[in-house]
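Trainee: Chains as they are written, first to last, in the numbering used here: chain A, 1 to 314; chain B, 1 to 277.
Think of the hints as simulated: they come from the structure by calculation, not from any bench.
Possibly wrong hints are sitting among the right ones.
Unchecked claim - List of simulated lysine-lysine pairs, BS3-like, C-alpha gap at most 25 angstroms:
| id | chain 1 | residue 1 | chain 2 | residue 2 |
| --- | --- | --- | --- | --- |
| 1 | B | K228 | B | K201 |
| 2 | A | K99 | B | K60 |
| 3 | B | K102 | A | K99 |
| 4 | A | K157 | B | K58 |
| 5 | B | K24 | B | K58 |
| 6 | B | K60 | A | K157 |
| 7 | B | K57 | A | K99 |
| 8 | B | K58 | A | K99 |
| 9 | B | K170 | A | K99 |
| 10 | A | K44 | B | K58 |
| 11 | A | K219 | A | K314 |
| 12 | B | K102 | A | K157 |
| 13 | A | K157 | B | K111 |
| 14 | A | K44 | B | K271 |
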Amino acid sequence: MSAAKRAIRDVYGDTLAQLGRENENIVALDADVGSSSKSIVFGKEFPNRYFNVGIAEANMVAMAAGLATAGKIPFANTFAAFMVLRAGDPVRSLIAYTKLNVKLAGTYAGLSDSYDGASHHAIADIAFMRSLPNMTVISISDPVEAELATRAAAEFKGPLYLRLSRAEVPVVLDKASYDFKIGKGVTLVDGADLTIVATGYMLIKALEAAELLSAKGIKARVVNIHTIKPIDRELLIACAKETGAIVTAEEHNVYGGLGSAVAEVLSTSCPVPIEFVGIEDVFAESGDYEKLLAKYGLSAANIVARAQKVLKRK
Amino acid sequence: MSLKPESKANLERLCAKFRQDLIKLLHGIQTGHPGGSLSSAEILTTLYFEKLNVDAKKPKDANRDRFVLGKGHAAPMLYMILAEKGFFPQDDLVTLRQLDSKLQGHPCALKTCGVELSTGPLGLGLSAGLGMAMAARLDGLDYRTIVLMGDGELQEGIVWEAAMSAAKFKADNLLVIVDNNGVQLDGTLQEIMPMGDIAAKWRAFGWHVIDIDGHRVDEISTAVDQAKTIKGQPTVIIAKTVKGKGVSFMEGQSAWHGKPISKDDYEQAMKELEVTL
């Protein structure tokens, strides 16, 4: 594991600008958080293709829909909480309903905007987005994945939600060998005792947990599910069959997110014990990001505890 | 350029026919929105038969004008016009709102040829129309985007977000027409949510405003042409109309926003409309 860290949003901003250089049909929109989402990097280089609509998220997303009907590839940017809550209507009624080719980039997802408090945390966005027909949902773990996923989003045809963190995250994936394909989960650590299925920043916690478990003689498999919808059913079923127990880990409410998606697949196809690591249906609070994650159970230690628990249920 | 007498006569004949066909259709299926469809008859007919550059043979032509029915509940009137223009067969009209139909209760761009944007949830059409107008600018194309909105629709907050944006982006290739019939689902605008001076509101948001009688095809035609000459800012035409226009007992009545038409009401309505045809 490399110690190098980069902010996910910086990688996203740089990648978006690079995509802008490669394809003139790419346009970007923001709702007055361009300096936070880093869409401003694109905006500075391509002012004519950048629409900052002010603090008006619904208008931004509906405008993106209009641009997409004419063949543009819009990236709409705002905080994940507001992408869902303020712009939810055009996301559903225009983009998902009519399969418009709009990329919805929700930054500051999970608790990553930690000091701003629960008003700015996004813990229901996966649940909303994956309940919309036609929507593809991608959650980004590390800086390498941020670049590859943003690039894949631009090439993908159709409505797509890109879940981005504000946080500085260590590089854990090897850019040269990492194979990012929308809809395909990736096994990063092999193991036969149980599978930890993680998404977003919780992948890093899952990798730490696997090391801690290994020291206790428990061999955990670690799978990165970056595409929460459509989810990689084959891989999940194989993991359930081969390891017999699952722990899911996500920076989202345990209701409706990755854990629910995994349970939906396995309960009908290969029922095995599952434990869920996520926000336990509460509003969190302001504070230091890592301390906040730890307090609300989004830690390697809690994944280890849940792993030990799920093994007893095997 | 003012409307030629024969064009005016043709539009008026079409409007009378569409009104009759609408009542027949909505009576037949016992669902749908007569009031707001009737108030926008002249606006929609004038746009589609005199103004819009659209061709059923080339429905995806890059430089076609884009029409967005912001007030999606007026779909029945739009569908009759699209059928008349040849976007789909007339026989499809009776399938409106029924299972397996391409004609949904509110317009669906995926299912219906000629529908540019799915609408229904009010207020989204203007923002999306602005997106279309910006795409035209980026592509160096001279097509216009025209959005027809209800006056009740103006109560949605997103409308004013979009109005601000269109002024900021100097969207002079975007035209809004407000079907100002003064009535919404639960009652009159005055009762439910008074809108005050609608023209002053748009002006304050940076728009050029043209006031017309929305049942006079010549006024509609002139205003749409005039809007094209306004540069550096978007234009809104506020078209004064009557909800349920043409059927005496529906006129100005919120109850006819979306109500099944009984046999007696149907016969009475058809009698009145036959006189105008």
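Trainee: If a hint holds in the structure, say so; if it does not, say that too.
Mentor: Verification of the hints:
1. In summary, the hint linking K228 (chain B) to K201 (chain B) is supported, as the alpha carbons are separated by about 21 angstroms, within the 25 angstroms threshold.
2. About 16 angstroms separates the Cα atoms of K99 (chain A) and K60 (chain B), which keeps this hinted pair within 25 angstroms; it holds.
3. Only pairs whose Cα atoms come within 25 angstroms are accepted, and K102 (chain B) paired with K99 (chain A) is accepted, the gap being roughly 16 angstroms.
4. Pair hint K157 (chain A) plus K58 (chain B) holds up; C-alpha atoms about 23 angstroms apart against a cutoff of 25 angstroms.
5. For the proposed pair K24 (chain B) and K58 (chain B), the alpha carbon gap of about 30 angstroms is over 25 angstroms, so the pair is violated.
6. Taking the CA atoms of K60 (chain B) and K157 (chain A), the gap is near 18 angstroms; set against the 25 angstroms cutoff, the hint holds.
7. Under the criterion of a C-alpha separation no larger than 25 angstroms, the hint pairing K57 (chain B) with K99 (chain A) is consistent with the structure, at around 24 angstroms.
8. As the CA atoms of K58 (chain B) and K99 (chain A) are separated by approximately 21 angstroms, the hinted pair is consistent with the 25 angstroms bound.
9. The straight-line distance between the Cα atoms of K170 (chain B) and K99 (chain A) is roughly 29 angstroms, outside the 25 angstroms bound, and the hint therefore fails.
10. Pair hint K44 (chain A) plus K58 (chain B) does not hold up; C-alpha atoms about 37 angstroms apart against a cutoff of 25 angstroms.
11. At most 25 angstroms may separate the alpha-carbon atoms for a hinted pair to count; K219 (chain A) and K314 (chain A) meet this at roughly 15 angstroms.
12. For the hint linking K102 (chain B) to K157 (chain A), the alpha-carbon distance of about 24 angstroms falls within 25 angstroms, and the restraint holds.
13. With a CA separation close to 19 angstroms, the supplied pair K157 (chain A) and K111 (chain B) stays within the 25 angstroms bound.
14. With a C-alpha separation of about 64 angstroms, the suggested pair K44 (chain A) and K271 (chain B) falls outside the 25 angstroms cut-off, and the hint is violated.
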